[in-house]
Structures are given as C-alpha cells and as structure tokens.
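*Asks:* Sequence:
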Amino acid sequence: MLPTLKRQDFELTMEQQFRLVRYTQQVEEIPPEKLRAILLEILRQLMIKNNLLRALVRKP
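For the sequence shown, counting from 1, position 58 maps to 58 in UniProt numbering; every step adds exactly one.
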C-alpha cells in the first residue's frame, strides 16, 4: 500500500530552493545547443526513473 501524500511532499525544501537558484544562474551561462542536449538527457533519465518506480510499486 502506498503512503498518503501531504501537501508539503510536493514542495521544495529550503536547500532545494537554494540549489534551484544556483542552477538557474549556471544555466544562463550554457550555450542553447548544449542546453537542448542536457534537457533531452534529463527527460530520458526521468522516464527511466518513472519506469523503475512503476516496477517497484507493481504488485507481483
């Protein structure tokens, strides 16, 4: 059975908010072509993560 999610589970921690600001600053320095490649790799990895989570939650 899955745990009940709370509203705070969908919010960033203070540390995550800080890291997001730093990432935002760093992204501004990356050329657009490289950003596209990075974005596609992030999306690919998120899809893999979703597949793994689905497999872990799936009942045998």
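FYI, nobody ran anything at the bench for these hints, they're computed from the structure.
None of these values were measured; they are calculated from a predicted model.
Worth double-checking, as some hints may not be accurate.
[Claimed, not checked] In silico lysine-lysine, DSS-like type, Cα no more than 27 Å apart, as pairs: (1) K59 x K6; (2) K59 x K49; (3) K34 x K49; (4) K49 x K6.
[What the hints assert, rightly or not] Derived Cβ-Cβ restraints for the label pairs, each shown as a range: (5) E33 x P3: 39 to 49 Å; (6) R7 x A37: 27 to 37 Å; (7) L5 x P32: 13 to 23 Å.
Backbone N, C-alpha and C fix where the C-beta goes; we use that ideal spot for every residue, glycine too.
*Asks:* For the pair we were handed, K59 and K6, check the Cα-Cα distance against 27 Å.
*Replies:* Satisfied, since the Cα-Cα distance of roughly 24 Å is no more than 27 Å.
*Asks:* Honestly, do R7 and A37 meet the 27 to 37 Å range at C-beta?
*Replies:* About 35 Å separates the Cβ atoms of R7 and A37, which means 27 to 37 Å holds.
*Asks:* Hinted pair, alpha-carbon criterion (27 Å max): K49, K6. Please report holds or violated.
*Replies:* Satisfied, since the Cα-Cα distance of roughly 21 Å is no more than 27 Å.
*Asks:* Quick one: are L5 and P32 within 13 to 23 Å, going by C-beta?
*Replies:* 36 Å, violated
*Asks:* Checking one constraint from the list: CA of K59 to CA of K49, max 27 Å. Satisfied?
*Replies:* Roughly 18 Å separates the two Cα atoms, so the pair holds.
*Asks:* Between E33 and P3, does the C-beta distance stay in 39 to 49 Å?
*Replies:* 42 Å, holds
*Asks:* Hinted pair, alpha-carbon criterion (27 Å max): K34, K49. Please report holds or violated.
*Replies:* 23 Å, holds
In the structure shown, a violation is registered for the earlier hint numbered 7 alone.
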